[in-house]
Amino acid sequence: MKDKKVVVTRRDFIRGTVGATLGFTLMGPEWLKGTFEERSRSSVVIVRDQKAMDKALNVDKKILEKMLEQVLIHVTGRSSMKEAWLSLVAPEDVIGLVPTPLMNPTHDELIEVVKNSLISAGIPAENIRNAQGRSVDLELITALISLPGLKAHWLTGIGTVIKNYILYSGAPRNYHYQDSTKLGEIWHLPQVKGKTRLILVDALHPVCDKGPQVDPRYRWAYNGLIAGTDPVAVDAVGLKIIQTKREELRGEPWPLSPPPICIEAADKVYKLGNSDLSNIDIQTIGWDQDLLI
Amino acid sequence: MISKKGLILLFFFLFMGLFFPLSQGETRVMQSDKINLPATIDGWKLTKPPKMIDKTNIFDYMNGAGELYLSYHFDHLLVYEYKNKSDNDILVELYYMNDSKDAFGLLSLDWGGEAVELNQPQAEKPSESIVPRKRALYGKGLLRVWSDNLYIRIMAFRDTPGVKEVILQLGKIITADRRNPPPPEMLKAIQPFMDSPWTLKRDRTAYFYSYLVLNSLFYLSHENILYLDHSTEAVIATFEREIKSEKKPPVRLLVIKYPDHEKAVKALNNFFKFYLPDQNKEVKPDLKQENQGFFHIEDGWMGHRLINRGLALVFECPDQESAQEIINQALLNKFQKKGRRIQ
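Keeping their order, the protein sequence lines are chains A and B. With my numbering, letter number 244 in the first sequence gets 244, and the count goes up by one each step, no holes. With my numbering, letter number 222 in the second sequence gets 222, and the count goes up by one each step, no holes.
Do not rely on the hints blindly, as some may be mistaken.
DSS-like mimics (lysine-lysine), calculated; alpha carbons at most 27 Å apart, straight line [as the list claims (entries may be wrong)]: (1) K193/A - K182/A; (2) K85/B - K62/A; (3) K83/B - K55/A; (4) K51/A - K62/A; (5) K85/B - K61/A; (6) K55/A - K164/B; (7) K83/B - K51/A; (8) K61/A - K83/B; (9) K55/A - K45/B; (10) K66/A - K193/A; (11) K247/B - K240/A; (12) K61/A - K140/B; (13) K55/A - K247/B; (14) K240/A - K140/B; (15) K271/A - K182/A; (16) K51/A - K45/B.
Keep in mind that the hints were calculated from the coordinates and are not lab data.
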């Protein structure tokens, strides 16, 4: 029975049995059992400002700083950016920032604003590092802040939060196609597990079609940041925005293809968080036109 | 015994082999490499010599996107970058593929955008083709071009006034004096009926070889259940119909040409095994008989037809009659004799 090959097909999606099929194939790992907390509800914050980018797509850093402050305050429930950061990280932490390097890369301005605000909160500059890539020594890093760009992906459906650590696996090609269901296991690697303190998605200028390379026709100025501490919930909210935008563009159903099974697997198999939008509280702050939620 | 005509042909091929030792694809690539881009164009300056990407470093350049180009017989890529005084960038990517049909396939993945004329004739008369008559498409700062074995992407990172003109000029320079072969013969395997209530959506037809590409167009399975690879060719087409001015959901027709009947049978049986496990079907190789069937599944009626090394599959039909009508538009008998008709 164990060796029987189970293949996920279109029919599983139509029947709504993907979870069951994936559960059957992937629930095996013994190391997962008892290693997670049950989550009841998750919270995701969306902050938008219509002027975050101008018409030429130049980012206004002052506005971005304000957006970051709002997002941090609402994610943590603290009263200032400093307090918010210090509730997530400590001055002695070695903090790894994990931006998206390719295809809709994270804006440099966002990385800079995050870094500067951490320094202002009392984190020594030398303790803040770029932690994206295969060669990063994760042993030294005690806290990760994931900063992916919001985008669809041609091999995995979506390529935002859960996929952002793919290079930590050392073998990214092993996590494409059907194996994209296993992206969640990277979050359980000993050098990664439990280190992520915040997921902050750069949704200033997302990409809603899979690519594989950026096509400007499928980018739009959403001018937003999406954040939370539950990576699956943040990914699920980003997915909803992308899917809604696709249907708006085509004026007809235009599902992501291949379907983004990594999000459901991250929830159902790897227990990393909530993928079901009905279990996610979404707070929206600022510009509310075309929220797509 | 070799006839006189045979001897003449033998000497001809020996001569060709001695004086033109490269394969056809390699020869074209060498010719195409002679493209000289201007050092400056309307205030935009070429920043440095082109970056050369090949199969060994394509994943470093574009991560998983490399799979797409490898699936279309990628040879190499040259990347140029222009900058202007405002520090805006134009990226010029020249993808050298083995064959014109590979570059065509890349363009066929998305027929959206504004059709622009560079130095190229229209692809084919509309009535004779199942794809739009387009070779170059522009949209929001990105130009995509099929030019013989070259697939071109020229993209401005910021779509500022005047940038489109510069991009089109570059497109004209690159495509000047290049051949413009017709679309792949494989497209002729679908011939829409003129009197059918179903209308072919030409701008949704795509040509490809890989199941990864199929999944990006129409998801079937994360596994390669149809055994698509570089030895196969495939076309997917979309049909729609209107009833009382109301558009009905589209129907997909997938046509695959396998290298031989055995591989086509093996693929169909694997499809039955994983996609239609409830049907318990298996086909035996038989060159003389066609094999056809229709099934009602969760998303409507689907059907298959196997003739020799050609396989057609139709999906999401509202009824069996529609499935039959659509699958009849796949001319699989064109694949019957290797060496003739569609190759």
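Here's how the hints hold up against the structure:
This hinted pair checks out: K193/A and K182/A have alpha carbons roughly 15 Å apart, not beyond 27 Å. For the suggested pair K85/B and K62/A, the alpha carbons sit about 25 Å apart, so the restraint of at most 27 Å is met. At most 27 Å may separate the alpha-carbon atoms for a hinted pair to count; K83/B and K55/A meet this at roughly 19 Å. Among the hinted pairs, K51/A with K62/A is consistent with the structure: their alpha-carbon atoms are about 10 Å apart, no more than 27 Å.
Between the alpha carbons of K85/B and K61/A the distance comes to roughly 22 Å, so the proposed pair stays at or under 27 Å and holds. Proximity of K55/A to K164/B is assessed by CA-CA distance (about 16 Å); at most 27 Å being required, the pair is judged to hold. Between K83/B and K51/A the CA atoms are separated by roughly 26 Å; this keeps the pair inside 27 Å, and the hint holds. Restraint check for K61/A and K83/B: satisfied, since their Cα atoms lie roughly 23 Å apart, inside the 27 Å limit.
Distance hint between K55/A and K45/B is fulfilled; the C-alpha atoms sit about 24 Å from each other, no more than 27 Å. Distance hint between K66/A and K193/A is unfulfilled; the C-alpha atoms sit about 30 Å from each other, more than 27 Å. Restraint check for K247/B and K240/A: the C-alpha separation of about 25 Å stays at or below 27 Å, so the hint holds. Proximity of K61/A to K140/B is assessed by CA-CA distance (about 25 Å); at most 27 Å being required, the pair is judged to hold.
For the hint linking K55/A to K247/B, the alpha-carbon distance of about 36 Å lies beyond 27 Å, and the restraint is violated. For the hint linking K240/A to K140/B, the alpha-carbon distance of about 24 Å falls within 27 Å, and the restraint holds. Our distance criterion of 27 Å between C-alpha atoms is met by K271/A and K182/A, whose separation comes to about 12 Å. Of the pairs offered as hints, the one joining K51/A and K45/B is violated, with about 31 Å between alpha carbons and a cut-off of 27 Å exceeded.
Hint compliance for this structure: hints 10, 13, 16 are not met, and every other hint is.
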